[in-house]
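Protein sequences, first through last, are from chains A and B. Start counting the first sequence at 2; every next residue gets the next number (the numbering used here). Start counting the second sequence at 2; every next residue gets the next number (the numbering used here).
Keep in mind that the hints are not guaranteed to be accurate.
Put simply, identical chains are the same to the list, so a pair is met inside one copy or across any two.
[To be verified] With a straight-line cut-off of 30 Å between C-alpha atoms, the simulated DSS-like cross-links for lysine-lysine are:
id, residue 1, residue 2
1, 227, 318
2, 7, 254
3, 306, 180
4, 180, 95
5, 18, 87
6, 309, 247
7, 210, 128
8, 254, 81
9, 279, 7
10, 210, 317
Quick caveat, the hints were computed from the structure, so don't treat them as lab data.
Number of protein chains: 2
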Amino acid sequence: MSTANKLIELAEKAREKGGVNLYKKNIEMVLSGLLITGNFWSIVDYADLPVPAAAGIVNTLLEEGYAFIDQNQDIRLTQKGYDLIKEYNIHPRKEYRCQACEGRGIPFYLDIELYRAFLQETKNRPKAIQDYDQGSVTPETTVSRVLFIDSRGDLQGKDIVVMGAEDDLTGLAIALSRKANSVTIIDIDKRSIDFDNEIFERLGIKNAKAFVWDLRKPLPEDMLGKFDVFITDPPETIAAFSAFIKRGISLLKDEGAVGYFGLTLRDSSIYRWREFQKILTGEIGVAITDIIQDFNNYITWDYHKETKAYELAPVKKDPEGIWYRSAWYRIEALPGFSRWNGVISDEDLYLDEEGSTT
Amino acid sequence: MSTANKLIELAEKAREKGGVNLYKKNIEMVLSGLLITGNFWSIVDYADLPVPAAAGIVNTLLEEGYAFIDQNQDIRLTQKGYDLIKEYNIHPRKEYRCQACEGRGIPFYLDIELYRAFLQETKNRPKAIQDYDQGSVTPETTVSRVLFIDSRGDLQGKDIVVMGAEDDLTGLAIALSRKANSVTIIDIDKRSIDFDNEIFERLGIKNAKAFVWDLRKPLPEDMLGKFDVFITDPPETIAAFSAFIKRGISLLKDEGAVGYFGLTLRDSSIYRWREFQKILTGEIGVAITDIIQDFNNYITWDYHKETKAYELAPVKKDPEGIWYRSAWYRIEALPGFSRWNGVISDEDLYLDEEGSTT
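Pulled out of the complex, with its shape left as it was, chain A reads as follows:
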């Protein structure tokens, strides 16, 4: 019993430091990650935790003498740390991700023409900026999204709306596939909108349009109930998540219509996931058909050093490759779903104790 208590004690200390709920298993996962890497951002990735939580754990391990920072600014286990790992029978995190499809189950290169066209057209894409909480996914992620949607019967002949996060250029990729009946893209960032519209005009893509809209405001009435599919990347506070998804639902034509969105364990905890899931299945009344972890891989943003996440990091060293990932959700609207198109307040969008990368 004494062994269990040591990890629980660490979880309690880390909870105070990180300000986020934590349990024994989280400590295990960080220790498991430390057996593979010393880079803080890679540990966040392995441990599947919000940055403040991972920082709280690493800081606690440093303070309690289980770990130290070496001359390369890497986090290393001390002898005391290795003893702890032995005592608890903790093993290095195993990685079996499929090399072919990057673990998504759908390889982006199965539509190599689309992938090439997307890369070609997006060479000069606008850079992600902090003003709009942007962080672009890899081109492989964007193209995989299109193939995933197609594989579920949600692309061909469908009316699709992309609500925000067009820095990922998902709307553009859908339009380039030329399979949807129509593509409507709304985003607050004029740069993405202009970028898309220029391509649509140049390539003669007539069934796609993009326009600037602040998604905090209700959408134009004539859009409600007009779409088969919405795609979004909701903010991850409970109020804003709920409002974004409800706004998406309000755009759907009828039951059987679907929504896609990303959700992280980097800016939300598993506790909050449960709240989101209760809201989706209860209040909003949809069924969740898919949750694919690590589907969305993000390119580290240029403004990384200006984020709360960077500030919280116990070591100021750059990430090594991709560390920020999100899960890909698909939801299906069932009969009786209700429309909502109200105002989302700034308060709803504010950073809370779990969010840190915006």
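Fit chain B to the supplied structure of chain A, relying on the hints for placement.
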């Protein structure tokens, strides 16, 4: 508007025939499947529907003259059917499943030693029988489950319990990996239990044990709270699902412990999925971390012709390859989860209007 009504009308007619809730999108998916295959079981697979629902739709299409049965006992579209497809802009279902990992994101061959050992040891495995509602998954599925569990930090050094469905031999595969701290297998079928125990004894696997237990009965008190991971394949009526998962939860040590199980859209509708998800996140109080569609592929069982599904099929032709798949769920217990270890009545387990393959 007249176009939308035609599909809705078909959905209403099919709903009466199939006794299961249906909407427009379901009709679309069956028509989309008919553009690729004439085999009823493959259509069920493409359309992701309970068998009674798919049968209801196909029977409606036959009666209304949109489809006919050809001399090979395949279902074919009539000219009227093709006109409908054109009118609604319906396209053949697209398939982008990764060939390397069979769409699971984790290729079974990344532990080729385990795969070989599993095949070697299971050459003479007991055949699936109807008495216990069995239907075995492919060996690739079983091995992929082990790798998946390992990749989430839920295998190495963990105490694992497999509750029922050991005709899949998941418990055996976990034991063969030699990575868990302990493996406990309980199943009603003495054949699987004896099969496992013989192998454990022969190979000198000391940390695994299997014993016969009827999961309708409460588990022995000394098992409660002793495991890090439970794996099960719950019956898909609401009452039995809920009881099975709660029973699994009662075995878990603490928060952060996890459960894995399969859930189909063949014996449950998407409506019921939402109910399951509400029960999981609300009443049971866990978070859902993963839902991977089509993770579990089933070998068509020998007793297929004795099932309600076969009886419901509009055409009595054998399946072509795998048609029965289920999604793989992972859930995480959060603080405050409660234990339940009561009795599950036979009534709870009975077939209902959506189930048909047992």
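Each hint tested on the structure:
In this assembly of identical chains, the alpha carbons of residue 227 and residue 318 never lie at most 30 Å apart, being 47 Å within a copy and 41 Å across copies at closest. Taking the shortest alpha-carbon separations for residue 7 and residue 254, only the inter-copy value of 16 Å comes in at or below 30 Å, while the best intra-copy value is 54 Å. When the C-alpha separation of residue 306 and residue 180 is checked against a cutoff of 30 Å, the pair qualifies neither within a copy, at 40 Å, nor between copies, at 40 Å. For the identical chains of this complex, residue 180 and residue 95 are inter-copy neighbours only, at 12 Å across copies versus 39 Å inside a copy, given an alpha-carbon limit of 30 Å.
For the identical chains of this complex, residue 18 and residue 87 are intra-copy neighbours only, at 25 Å inside a copy versus 61 Å across copies, given an alpha-carbon limit of 30 Å. In the homo-oligomer, the alpha carbons of residue 309 and residue 247 lie at most 30 Å apart inside one protomer (28 Å), although the nearest pairing across protomers, at 39 Å, exceeds that limit. With identical chains, the CA atoms of residue 210 and residue 128 are at most 30 Å apart within one copy only, with a shortest distance of 21 Å there and 57 Å across copies. Proximity of residue 254 and residue 81 under a CA criterion of 30 Å is satisfied inter-copy only: 26 Å between copies versus 60 Å inside one chain copy.
Taking identical chains as interchangeable, the C-alpha atoms of residue 279 and residue 7 are never at most 30 Å apart, the minima being 33 Å within one chain and 35 Å between chains. When the C-alpha separation of residue 210 and residue 317 is checked against a cutoff of 30 Å, the pair qualifies neither within a copy, at 42 Å, nor between copies, at 49 Å.
Against the hints set out earlier in the document, violations occur for numbers 1, 3, 9, 10.
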